[in-house]
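Number of protein chains: 2
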Amino acid sequence: MESQTRAKKMEATRKKLIAAGRKAFAKKGFAAASMDELTAEAGLTRGALYHNFGDKKGLMAAVVDQIDMAMATKAKEAGEEIGGGWEGLLAEGRAYIEMALEPEVQRIVLLDGPAVLGDPAQWPSQNRCLQGTIGTLRALASEGLIKPVDIEALARLLNGVALNAALWVASSEDAQGTLPKAIAAFECLATGVLNKAPQAVHESG
Amino acid sequence: MESQTRAKKMEATRKKLIAAGRKAFAKKGFAAASMDELTAEAGLTRGALYHNFGDKKGLMAAVVDQIDMAMATKAKEAGEEIGGGWEGLLAEGRAYIEMALEPEVQRIVLLDGPAVLGDPAQWPSQNRCLQGTIGTLRALASEGLIKPVDIEALARLLNGVALNAALWVASSEDAQGTLPKAIAAFECLATGVLNKAPQAVHESG
DNA sequence: TTCTTTCACATACGTAGTGTATGTCAATTG
DNA sequence: CAATTGACATACACTACGTATGTGAAAGAA
Numbered sequence: 001m002e003s004q005t006r007a008k009k010m011e012a013t014r015k016k017l018i019a020a021g022r023k024a025f026a027k028k029g030f031a032a033a034s035m036d037e038l039t040a041e042a043g044l045t046r047g048a049l050y051h052n053f054g055d056k057k058g059l060m061a062a063v064v065d066q067i068d069m070a071m072a073t074k075a076k077e078a079g080e081e082i083g084g085g086w087e088g089l090l091a092e093g094r095a096y097i098e099m100a101l102e103p104e105v106q107r108i109v110l111l112d113g114p115a116v117l118g119d120p121a122q123w124p125s126q127n128r129c130l131q132g133t134i135g136t137l138r139a140l141a142s143e144g145l146i147k148p149v150d151i152e153a154l155a156r157l158l159n160g161v162a163l164n165a166a167l168w169v170a171s172s173e174d175a176q177g178t179l180p181k182a183i184a185a186f187e188c189l190a191t192g193v194l195n196k197a198p199q200a201v202h203e204s205g
Numbered sequence: 001m002e003s004q005t006r007a008k009k010m011e012a013t014r015k016k017l018i019a020a021g022r023k024a025f026a027k028k029g030f031a032a033a034s035m036d037e038l039t040a041e042a043g044l045t046r047g048a049l050y051h052n053f054g055d056k057k058g059l060m061a062a063v064v065d066q067i068d069m070a071m072a073t074k075a076k077e078a079g080e081e082i083g084g085g086w087e088g089l090l091a092e093g094r095a096y097i098e099m100a101l102e103p104e105v106q107r108i109v110l111l112d113g114p115a116v117l118g119d120p121a122q123w124p125s126q127n128r129c130l131q132g133t134i135g136t137l138r139a140l141a142s143e144g145l146i147k148p149v150d151i152e153a154l155a156r157l158l159n160g161v162a163l164n165a166a167l168w169v170a171s172s173e174d175a176q177g178t179l180p181k182a183i184a185a186f187e188c189l190a191t192g193v194l195n196k197a198p199q200a201v202h203e204s205g
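Chains F and X, in that order, are what the protein sequence lines are.
Count the first sequence with the working numbering and you get residues 1 to 205, in order.
Count the second sequence with the working numbering and you get residues 1 to 205, in order.
Worth double-checking, as some hints may not be accurate.
You can't tell identical chains apart in this list, so a pair holds if it fits in one copy or across any two.
Unchecked claim - With a straight-line Cα cutoff of 25 Å, these simulated PhoX-like cross-link-like pairs (lysine-lysine) come out:
1. K9 / K74
2. K8 / K56
3. K23 / K8
4. K16 / K28
These are calculated hints, taken from the structure and not from any lab test.
With the sequences and hints as input, model every part of the structure.
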């Protein structure tokens with residue numbers, strides 16, 4: 001029955017390495033992060049890293065996946081809390097923007113991630129987030145609220161707007177001051193997907 | 001009269017290095033691009049590089065600036081050709097999206113640029129582009145066409161949408177097929193900044 | 001012109017960091 | 001209890017950046 005001891009230990013080291021990776025990548029950036037330092041801080045050596053993740057990029061992928069998946073979950077929750085629908089979509093966007101205030105998200109997911117792992121749209125975690133947005137948009141479209149445009153394209157750009165707003169807020173000096181502006185502008189652009197003026201739309205449940 | 005010989009030669013080497021940098025950064029990516037290979041292909045050595053640009057990042061900055069400035073110019077021209085105003089703004093966005101089909105733009109400006117040089121909103125070239133968008137938006141706002149939202153925020157996100165659409169098109173397998181979808185979705189979102197439905201707006205000159 | 005200085009660039013070197021090949025010891029299996 | 005697997009450490013090779021130093025041609029002085 002203790003035949004899981006090995007696997008559990010390995011899972012523990014994976015966690016340690018991912019945690020150390022988050023810290024190092026956030027603080028130094030991907031390129032400047034040293035795998036020697038990183039693994040040493042986790043009480044390990046590079047041997048563990050290359051055994052578990054293949055290479056530096058592999059660890060980055062694991063780290064990005066973890067953060068990004070948490071973001072998607074949080075955003076979705078924010079949307080469902082408010083009851084889904086159009087307001088839910090806006091809430092998802094707002095949540096996404098606010099999360100980007102965290103330096104880890106900013107540096108790892110928004111800046112280094114795309115450069116190291118390629119276009120975010122291809123990441124498994126981002127795809128999950130995108131599928132969520134697509135689902136919400138389809139539901140709205142079936143009610144006739146959305147303009148007759150390719151839904152996937154709309155979802156991608158909508159996510160992109162939130163991501164960009166987030167990046168702007170994050171890189172701004174007065175983050176707390178720009179946050180409301182960014183959110184307002186996001187909602188402003190988002191209303192572009194609607195068939196009618198937003199004032200005319202309340203709740204249709 | 002030949003007192004410019006020195007400076008001219010230096011300018012020539014700078015051009016050679018930037019050109020070689022464009023090729024190498026686009027093909028290999030910033031991290032994997034070797035300065036030895038790069039400079040050798042330009043008929044020079046790393047000495048020239050470090051003398052002219054300080055370090056690898058310095059060359060990257062010069063390359064990005066060159067490309068990005070050309071993009072801004074081209075986009076602005078596209079907007080002015082159509083006569084400015086609302087249609088001009090859309091034309092700028094379309095131009096931006098189409099330019100991102102070039103691998104150089106995609107890899108250097110959209111992917112590696114932000115990771116190496118930081119948030120694009122801080123780049124001098126991007127600021128120039130942003131100022132243009134802000135100017136156009138202000139003009140539209142003075143005609144009462146724009147919603148009462150912070151113009152800078154709007155401009156940033158609008159540029160961001162175009163940039164994101166571009167990135168999507170670029171990373172798509174069937175670029176020619178996704179391009180129209182991306183443009184349509186961009187225009188869709190862009191109408192969100194308008195006070196009224198876009199159908200009611202033609203030209204107001 | 002000729003001597004001196006400057007400077008754009010090349011050459012040589014130190015260092016750091018990644019990835020791989022090999023070693024080792026505990027956990028598993030029979 | 002012997003044999004084997006495998007997770008991780010150690011050792012090594014290679015690459016590449018940045019710097020310190022050298023060099024030869026252009027620019028200025030006399």
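Is it within, between, both or neither when you check K23 against K8 at 25 Å Cα-Cα? within (23 Å within a copy, 47 Å between copies)
If the cutoff is 25 Å on CA atoms, where do K9 and K74 land: within, between, both or neither? Let me know, please. neither (29 Å within a copy, 57 Å between copies)
Check K8 against K56 for me: Cα-Cα at most 25 Å, and say if that holds within a copy, between copies, both or neither. For K8 and K56, the Cα distance is within 25 Å only inside one copy (23 Å; across copies 43 Å).
Checking K16 and K28: alpha-carbon separation at most 25 Å within a copy, between copies, both or neither? within (18 Å within a copy, 32 Å between copies)
In terms of the numbered hints stated before, the structure departs from hint 1 and from no other.
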